[in-house]
Amino acid sequence: MNTLLKIENLHARVGEKEILRGIDLEIRAGEVHAIMGPNGSGKSTLSAVLAGRDTFTVTEGSVTYDGRDLLALTPEERSWAGIFLGFQYPTEIPGVSNVNLMKAAVAEHRKQRGLEPLGAAAFLKLMREKMAYVEMDSSFSSRGVNVGFSGGEKKRNEIFQMAMLEPRLAILDETDSGLDVDALRIVASGVNKLKRPDNAFIVITHYQRLLDYIVPDVIHVLYKGRIIKTAGRELALEIEEKGYDWLIHQSE
Amino acid sequence: MTVLREEGDVRLDTSAPSRVSLRLGPDAGAAYLVLQDDASADRVETDFDIRLAAGASLEMVFLSLRGEVLRNRIRVSLDGERASCSLNGLCLAGGSQQRDFDILLTHQVPACHSTQLFKSILGGGSVAHFDGLIKVVPDAQKTEAYQANHNLLVSDSARAHTRPQLEIYADDVKCSHGATVGRLNPDELFYMRSRGITLEEARLLQQLAFADEILEKIPVPEWQQRMRILVEECLR
Chain F
1 MNTLLKIENL
11 HARVGEKEIL
21 RGIDLEIRAG
31 EVHAIMGPNG
41 SGKSTLSAVL
51 AGRDTFTVTE
61 GSVTYDGRDL
71 LALTPEERSW
81 AGIFLGFQYP
91 TEIPGVSNVN
101 LMKAAVAEHR
111 KQRGLEPLGA
121 AAFLKLMREK
131 MAYVEMDSSF
141 SSRGVNVGFS
151 GGEKKRNEIF
161 QMAMLEPRLA
171 ILDETDSGLD
181 VDALRIVASG
191 VNKLKRPDNA
201 FIVITHYQRL
211 LDYIVPDVIH
221 VLYKGRIIKT
231 AGRELALEIE
241 EKGYDWLIHQ
251 SE
Chain G
1 MTVLREEGDV
11 RLDTSAPSRV
21 SLRLGPDAGA
31 AYLVLQDDAS
41 ADRVETDFDI
51 RLAAGASLEM
61 VFLSLRGEVL
71 RNRIRVSLDG
81 ERASCSLNGL
91 CLAGGSQQRD
101 FDILLTHQVP
111 ACHSTQLFKS
121 ILGGGSVAHF
131 DGLIKVVPDA
141 QKTEAYQANH
151 NLLVSDSARA
161 HTRPQLEIYA
171 DDVKCSHGAT
181 VGRLNPDELF
191 YMRSRGITLE
201 EARLLQQLAF
211 ADEILEKIPV
221 PEWQQRMRIL
231 VEECLR
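Residue numbers (my numbering), protein chains in the order written: chain F, 1 to 252; chain G, 1 to 236.
Okay, chain F solo, but in the shape it has when bound:
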């Protein structure tokens, strides 16, 4: 299988504080990787660095995506290349409607691939089709992006946007946090419908619960900015039962 993402010895900091302290990770097309770990271990930082957030500075290491130096690309270039970040706390954008956000995003993605913009009818059909993936009501399309959305609605909106953009590598940052069981099932089934042999997912989560619905091939445990354990899906159950302490002890 071909490697989609290769992270080598990645170090990153915010201000003077080093958060990622040497991450190595390789993801191949068709795989689902889960990243677990206690609060403050660097999970969200890793996803933000991969998406190109400039509040973090990479001080060492490299990230190769599809043969390219990912860290040299702007956030929008990463999106065009097929990277998608599902935010833990999706940003509210008052005054920009969901439909206008997606219109601009889809038009830019098509432009980058040398395609004409979609006609209005074709675009609306696509919106409707993808909203159905996450059982989202069509009234959401005219509302400001995430404005006044409940926690569950925001997360469904992330998965909807992912469905619209059909990424090759989706990074879902605690998409399960704040979701009740129904919303969790909807979000997870949205993800499962988008799984293909040529794309991959990084699912960041605190809880084993999500991994009942989105079954990972590999689980990594992140602690203090390093991956301290990599194993198969059975690790999630062990963590659910015993917590992280035994892993932390093993690594120290």
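Keep in mind that the hints were calculated from the coordinates and are not lab data. Note that the coordinates shown come from a computational prediction; the quantities given were computed from them, not determined experimentally. One should not assume that every hint holds.
What the hints assert, rightly or not - Listing some non-contacts, in silico: residues in chain F with all C-beta distances to chain G over 12 Å:
#1 Glu16
#2 Thr55
#3 Pro75
#4 Ala107
#5 Glu108
#6 Gln112
#7 Ala122
#8 Gly178
#9 Arg185
#10 Lys195
#11 Asp212
#12 Ile227
#13 Ala231
#14 Leu237
To be verified - Distance windows between CB atoms, simulated:
#15 G:His161 x F:Val14: 17 to 27 Å
#16 G:Ser155 x F:Arg110: 24 to 34 Å
#17 G:Glu200 x F:Val14: 45 to 55 Å
#18 G:Glu6 x F:Asp180: 23 to 33 Å
Glycine included, each C-beta is placed from N, C-alpha and C at the ideal position.
With chain F held as given, fit chain G onto it using these hints.
Same frame as chain F, but now just chain G:
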């Protein structure tokens, strides 16, 4: 100055240069769009002298788009009970351009209603001044008066000076005023870019969102849409 609506006894006089006189008789209604968009204009100064009789209602939307120095001095007197006045304005400026709004709105009698919403998007080394005063005389009980001025600075050297003021001599009133000066939101920009929208386009979308609150005040949909296209053209 574009007439969007006139009903009843409305006397609009634009015969004097740089001076607009507007009188609304009892229960008259009117809506106007004041579009200032002449890129070759060096300096445009306009005085608006406006009086509303009982039950009259006025809506005005000012768009100060292109031109070097654009100054508007607006005097509104609510002379009859139950008069209602809505003033809204959007300023766009860049380079060394200057935008001024100087407003005095007086509630002379009880039970009138006024709202003011003025916004500016300022780039380059442009400067905006907003000087707004709501005055409520001692007998003007049951007055409702609101005023807000919001400024978006899209460059490091643009400046906004804002002075929203209330002078209230009646005790049974509802009044508020407020002003903000802010910048483009980096979290919103990153969110849009992470969806593949270019930085330039993300900045534009945020500015259009900011401007839209004023454009929505234009009560005729066709004009609203035309002005939206024009504002987008100016911001690009």
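Now the hints, each set against the structure:
1. Glu16: The claim stands: glutamate 16 of chain F keeps its Cβ more than 12 Å from every Cβ of chain G (closest is about 20 Å).
2. Thr55: violated, 8 Å
3. Pro75: Violated, because the least Cβ-Cβ distance between proline 75 of chain F and chain G comes to about 4 Å, which does not exceed 12 Å.
4. Ala107: At about 9 Å from chain G, alanine 107 of chain F fails to clear the 12 Å cut-off, so the statement is violated.
5. Glu108: violated, 5 Å
6. Gln112: Nearest chain G Cβ is 8 Å from glutamine 112 of chain F, so the label is violated.
7. Ala122: Non-interface label on alanine 122 of chain F holds, nearest chain G Cβ at 18 Å vs cutoff 12 Å.
8. Gly178: holds, 18 Å
9. Arg185: holds, 25 Å
10. Lys195: Lysine 195 of chain F is indeed farther than 12 Å from all Cβ atoms of chain G, at 21 Å.
11. Asp212: holds, 28 Å
12. Ile227: For isoleucine 227 of chain F, whose nearest Cβ neighbour in chain G is about 24 Å away, the distance exceeds 12 Å, so it holds.
13. Ala231: holds, 30 Å
14. Leu237: holds, 33 Å
15. G:His161 x F:Val14: 17 to 27 Å: Since the Cβ atoms of histidine 161 of chain G and valine 14 of chain F sit about 35 Å apart, the hinted range of 17 to 27 Å is violated.
16. G:Ser155 x F:Arg110: 24 to 34 Å: holds, 31 Å
17. G:Glu200 x F:Val14: 45 to 55 Å: violated, 26 Å
18. G:Glu6 x F:Asp180: 23 to 33 Å: violated, 55 Å
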